[in-house]
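Chemist: These are the residues of each chain, in order.
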Amino acid sequence: MVENTVDHDLIEAIQGGLPLVARPYAAIGQRIGLTESETIRRIAALIQEGAIKRFGVVVRHHELGYRANAMVVWDVPDHEVSALGRCLGRFDCVTLCYRRPRRPPHWPYNLFSMIHGRDRQTVLAHVAHIVEVCGLEDVRHEVLFSRRRFKQRGAFYQLPNRVPQVGVRRRSAEQDLLV
Amino acid sequence: MDETDRAIINMLQGGFPICERPYAEAGRALGLGEDELLERIASLLERGFLSRFGPMYHAERMGGALTLAAMRVPPSDFERVAAIVNDFPEVAHNYERAHEFNMWFVLATETPQRIGEVIRAIERETGYPVYDMPKQEEFYVGLRFVV
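So the sequences go chain by chain: A and B.
Note that our numbering has the first sequence beginning at 1, numbered continuously upward.
Note that our numbering has the second sequence beginning at 1, numbered continuously upward.
This is chain A alone, in the form it adopts within the complex (with noise of 0.2 Å):
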């Protein structure tokens, strides 16, 4: 958990993006007080811990062509989940894996998994590929496209548990959530 105020600093000052700028983590580190060298070694820190998922470009996938996206989720023996998981996490088409609670009686899944394509049909043909792969032919399975997108924003992270600065604490850029 990311817990002292430097860090938050930091997170609050690359979360709208990266300057592009030759020597971003320099402009980082002058805007919150940090030297150059200390703001790189923080930034490898927040990664190392996994406080920073990833660090790099964020794609908008429907502008980039990935017009199609289908919640598949599957209906898997509790034992078989890990394996299986990891088995679907190997395929480019999924963006997202996860194992989630069941709500009997009336939904049954247990293995939630995203796959994005360029249109329903490729995407039906990656979930056709992926039971193949791995051996799923037994294992109830339902395909949930997405309809409509209401709304989409990201996560904005402040600075907890401090006084605020006026100024300072600005709602200025969205997270992409991974959920």
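Honestly, I wouldn't trust all of these hints.
Simulated pairs of lysine to aspartate or glutamate, EDC-like, Cα-Cα distance not exceeding 16 Å [to be verified]: (1) B:135 to B:60; (2) A:53 to B:60; (3) A:53 to B:138.
A short, non-exhaustive set of chain A residues, derived as facing chain B with CB atoms under 10 Å [to be verified]: (4) 55; (5) 64; (6) 75; (7) 102; (8) 106.
Derived from the structure by calculation, the hints contain no laboratory data.
A virtual CB, placed ideally from N, CA and C, is assigned to each residue, including glycine.
Given the structure of chain A, go ahead and fit chain B onto it with the hints provided.
Modeler: Frame of chain A, contents of chain B only:
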């Protein structure tokens, strides 16, 4: 979007260098100069292919909480319920999906306790149960879109 843009997107979804001249270093691997890579990234952002260039945080390690929740809403009442749900600032995404469970949304809150409070408030205001489906195990995925 040309081959160079594609190479940048495919290569830089994660793993951006953390060093004094990161654009120069990333550019070397792509066969691009520092200035050219900077211009290309700016252009991809401007044209809307990228939403951001920077970190993707791990919500739980930041002290916040996330969950996926679903509802089964009668089609005739869907718009009313969607308006109520979308009004909560804690609702990050909300998708209508083709299924009996037809509403799927993500809650992002600053504390774990707040998840339960928001779920109860949505149930109260809409009159329908909310099925909370928090992540129990995460399987490694590359999290990359190949273009």
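Chemist: Any of the earlier hints contradicted here, and which numbers?
Modeler: 6
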